[in-house]
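Student: If you want the building blocks of each chain, they are given just below.
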Amino acid sequence: VRVTDSTMYAQMRAGLATRREHLERAQSAAISGRRVQKPSDDPAAMAKARSHSAQESRSIANERTVNVTLTALQVADSALDQIGESLARARELALQASSGTISAEDRSYLANEVEALRSQVLGLANTQEGGRYVFAGMKDGDSPFGADGVYNGDTEAQQVEISKGLRIPLGVTGDRILGAAGGQDVFAALSDLTSALRGNDVDAVRASLDQLDQGSRQVRSARVDIGGGIDATEVARSVAERGRDQAVAARSALLDADPLDAFTELSRAQGALEAAVAVAAQLPPPGLASTARL
Amino acid sequence: MSLTKAMNIGRSGLLAAQHGTSVASQNIANAATEGYTRRTVNLSSVPLDHGGGVKSAPSTRVQDQFLERRSLGARANSGEAEGRVQTLQILDTILADEPGDIGSALDGFESALSDLSAQPSDQGARQALLSNAQQLSQAINSAASGLSEARVAANDSIVGAVEQVNRQLDEIGALTRDINIARNTPNQDTGDLIDQRNRLVRDVAKALPVTTVEDVKGNFSLKLGGSFNLVDVEGGVRKLQANLDATSGDVRVYREISGRNEDVTRFINSGTIGGTMTARDGALSQAQTALDQLAFDMASAYNTQHSAGVGLDGETGRNLFEVSASAQGAASSLRLSADVAGQPGNLAAASSGGSLPSDNRNALELLNLRDRKLTNGGVDTAQSAFSSIVAGAGSSLRAAMDRQVQTDAAVGQMDALRESISGVSTDDEMISLMRYQRAYQASLRVIETADQMLQELLNMRR
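Chain order of the listed sequences is B and C.
Mind the numbering: the first sequence is residues 1 to 294 in this note's numbering, read in order.
Mind the numbering: the second sequence is residues 1 to 462 in this note's numbering, read in order.
It is worth saying that the hints were derived from the structure and are not from the lab.
Computed from a prediction, not measured in an experiment: that's the story for all the values here.
Note that beta-carbon positions come from the ideal geometry of N, C-alpha and C, so glycine has one too.
Computed spacing ranges between beta-carbons, pair by pair:
no., chain 1, residue 1, chain 2, residue 2, range
1, B, Thr18, C, Asp189, 38 to 44 Å
2, B, Gln11, C, Ala29, 18 to 24 Å
3, B, Pro259, C, Val405, 23 to 29 Å
4, C, Pro99, B, Gly183, 50 to 56 Å
5, B, Glu274, C, Arg435, 38 to 44 Å
6, C, Val405, B, Gly287, 29 to 35 Å
7, C, Gly354, B, Asp258, 55 to 61 Å
8, C, Ser324, B, Gln82, 53 to 59 Å
9, C, Ile181, B, Arg268, 56 to 62 Å
10, B, Arg268, C, Asp178, 50 to 56 Å
11, B, Arg20, C, Leu244, 36 to 42 Å
12, C, Gly100, B, Gly287, 54 to 60 Å
13, B, Gln11, C, Ile181, 37 to 43 Å
Full structure from sequences and hints, please.
Tutor: Right under this line is the structure:
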């Protein structure tokens, strides 16, 4: 092929431009740490990375839900723990009062303590967390138990989605723990015990032992349910954490530049440009125009 | 008198050498002139019985017609790729994986829904959902306006390119008329005019698929897509028009024929104009349609579910989004509904008024929509629909970019081939210069010798 001056210059120009472009790309990858920065860099990777980003965001949202759920369940659990203790104490007092050796006066003292226990349980039953009444079901804006021990809350607990497709109730509703819906109205039992003690009615005091036992069973069973919820939530937390880590890693594998590769590519691009510049600096090549003697 | 004959022959040699020197000088002077075709000296000997010596015909241009024609096609292809890349470039910015893009806004919206479902009575969670829904609308709005701006830019660039082509056609027509006159005038060199015309034709070829027809006598015409004349043999010019088509709102290309406009867009399948139209009606339009569909289907699905639910005030039937009545234009019309805007309590997390405020049953249904294949005819979730918009747009741009590299290389090769035939090599020209210098010196010697011989003859007579 006949090589003309323009061909040589055009080649040099094109060669330098291409190498500069390579260097620019290598530098940008090395600085940003990203191999794929725009959809056109690698459309398939970009689209796949999008679904990993969505996964990451979901996992983070699930972690938040898990944290909210855990707090609510733990608060409910500790309230139930204390309610359980109060009921145990009430049973102890009832047992004490049912023996024949105790005087009517003593029984009325015990009645005062049982009454105090009742208002303690009432307070615990109206436990709040983050502005929500934890035993009120979905109607958690108002206190579920009135002073008379009547349940005004919701019969259904709020469901939370702690991981994809897995929903658990956020606690147990108060009516099933302390109300008649659970089998025994605990507040009624405590009121009955108080009046029995005041009325010095030993038979009635004995009868309330069974009622209190049933109440304690209700509390225990609610704690078992809540404990199951806590366990499930803990599992969901580690699923979410793992999901997030996986998503981040998968996304990074798709989009990020391997630092070693990026550096190698950068020095290769630099070398190539330097070589091209060195050749270009030799231009124009020796020609007759500069050497011929006319 | 054959000695005077020898002197005359020497004189013709001097003239030929001078001519050769000036052609070589002209070539060297134009070594860097864009589109210059090198000239060669055409010498022929004059028979001795006709006086002898050498005569020079006008110099001719060295070029390969076939190569010229092929280079037009290569240019149209490279222009096509360039037009596509320029039109689609914007997609990379609109769909880049960056904070504030549709993808992350969608993530934020779904996360906020998840938070609302966990804490339906929490004002903060409600407020956050409102602002995330608004951000999602805005992200989709701004992508939509980016796409429609790109469409306007594509149409503008077609109009601009057609105007430029018309100016170039005018020049080509004028040159053709000049060449026609010069051709019929003896000893007129048409080379420079033809070079100029070829350069213009190459420029036009970048914008449109054109072909040239040139016969041995030099009759030249320029055709669009090989079908009709843009410039005829007489140098008459048929201009193109870029007009807005009322139905599509896009620019199409017409030519005026016997008083009416004929749509010639279908002939323009390459060149920057062709490429711009391909990208505008292809990938760009697809991205717009897909985004509209996504916005419309998503808004409809969320509205249906949301309006089935109940707000904190016990009211039902409220929309979450406000969107156009059909998919067309949905992406730019998407807004947060006035039913809920600024009123977090109106978000319908509950399914009935009986279990407020923490009834989250409708919020859970809304949350479920993130996995519902709610768009593209039940094929895609909102997330996967957006992913496929990214993949589709990215691949179209990638393909155009790859094509540009290929076609640019093809043009480069074609130019190198053309250059190897028609280009100026200073080495060649220096050699010619040396040759003509020697020839000039030798011819001078011829005259000198003949003169001496004549002198000696005169001396002998004395």
